[in-house]
Amino acid sequence: GGGCPSYTVLSERVLDDGSGTVGIEHVFRMGLLEVTKTEKWQFDGKIVLITFKVKYPKASFVKNCRPITNLTVMHAVDPDQDSEPFFTFQTINDVIYNGGSGLFAEAVGPRSCKTMGYGICGNRLQDGSFDEVGFSRWVSTTPARLNDPNGMLRDDTLHYQHTEARDLHCGDEREFRFFAVWGRCHDEARKNFLAAHKQFCSPCSRLPRLLRPPQPRCQGRCPCTLRDANCTCAYRC
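Numbering (the working numbering), first residue to last: 1 to 237.
Hints are not guaranteed to be accurate.
[What the hints assert, rightly or not] Capping the alpha-carbon separation at 30 Å, the derived lysine-lysine pairs in BS3-like fashion look like this:
id	residue 1	residue 2
1	55	114
2	198	37
3	37	191
4	55	198
5	191	46
6	53	191
7	198	53
8	58	37
9	58	114
10	55	40
11	55	37
12	53	37
13	46	198
14	40	114
[What the hints assert, rightly or not] Taking CB as the label site, the calculated pair distances span:
id	residue 1	residue 2	range
15	80	169	36 to 44 Å
16	45	66	37 to 45 Å
17	86	167	15 to 23 Å
18	58	8	41 to 49 Å
19	124	145	12 to 20 Å
It should be emphasised that the hints constitute simulated quantities derived from the structure, not laboratory data.
Glycine included, C-beta positions come from ideal geometry on N, C-alpha and C.
Hey, can you work out the whole structure from these sequences and the hints?
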């Protein structure tokens, strides 16, 4: 925690098990840590499982093998899916399935309705660590304060953040993961999130119902980019 360390790429390789699942693996040196990031997806699929393995190696370059406390790992992207051909960098940003801090953060293209989202199995992990998804204004240091824009149209960055509850000692290794999903519109992206949650999460990870306040009906026609206190417009794909 407390910053964004520089990193060195130690290795990278393409993953292909011949069954239609493909991916890529990168190994980084980040300060005293060795971080392996693995991305796997079905060929032509719209769900990507992203796994981080963080290791505190017993290596000769580690002179003072002190515990590492308050480890936070963050992954972020600025979607910008409507930058071409609609020339807008803004997205409609929301955090839903509010079982704590929210389990699915989605960014919807205001013109195309193309949607990207980050999802997690739950907020509080079995070992006490904490996972969260949300948005910020291009924050690159950890820990980041993520927020729920509640459907606002903004040029925000989409984040996943993991905070370790336990100290890391020399030889320790931690592993955690989240999933990125896509959809032609928000409804397809949400279906993909539910499918990923069912596929990758423990049956003990209970998915809360979609918590949304009652939405007033829109009078007449209005584009999905317009929202006000009296009328919340549904997305139109």
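Taking the hints in turn, this is what the structure says about them:
1. 55 x 114: Distance ~36 Å between residue 55 and residue 114 Cα, so the pair is violated.
2. 198 x 37: holds (22 Å)
3. 37 x 191: OK: residue 37 and residue 191 at ~25 Å, within 30 Å.
4. 55 x 198: holds (28 Å)
5. 191 x 46: Satisfied, since the Cα-Cα distance of roughly 11 Å is no more than 30 Å.
6. 53 x 191: Measuring from Cα to Cα gives roughly 28 Å; hence the hint holds.
7. 198 x 53: holds (22 Å)
8. 58 x 37: holds (20 Å)
9. 58 x 114: At roughly 45 Å apart (the allowed maximum being 30 Å), residue 114 and residue 58 break the hint.
10. 55 x 40: At roughly 20 Å apart (the allowed maximum being 30 Å), residue 40 and residue 55 satisfy the hint.
11. 55 x 37: Status holds; Cα separation ~12 Å.
12. 53 x 37: holds (7 Å)
13. 46 x 198: The hint holds at about 15 Å.
14. 40 x 114: Satisfied, since the Cα-Cα distance of roughly 21 Å is no more than 30 Å.
15. 80 x 169: 36 to 44 Å: holds (41 Å)
16. 45 x 66: 37 to 45 Å: Given about 42 Å between the Cβ atoms, the range holds.
17. 86 x 167: 15 to 23 Å: With Cβ atoms ~47 Å apart, the hint is violated.
18. 58 x 8: 41 to 49 Å: Violated, at about 19 Å.
19. 124 x 145: 12 to 20 Å: Holds, since residue 124 and residue 145 (Cβ atoms, about 18 Å apart) stay within the stated range.
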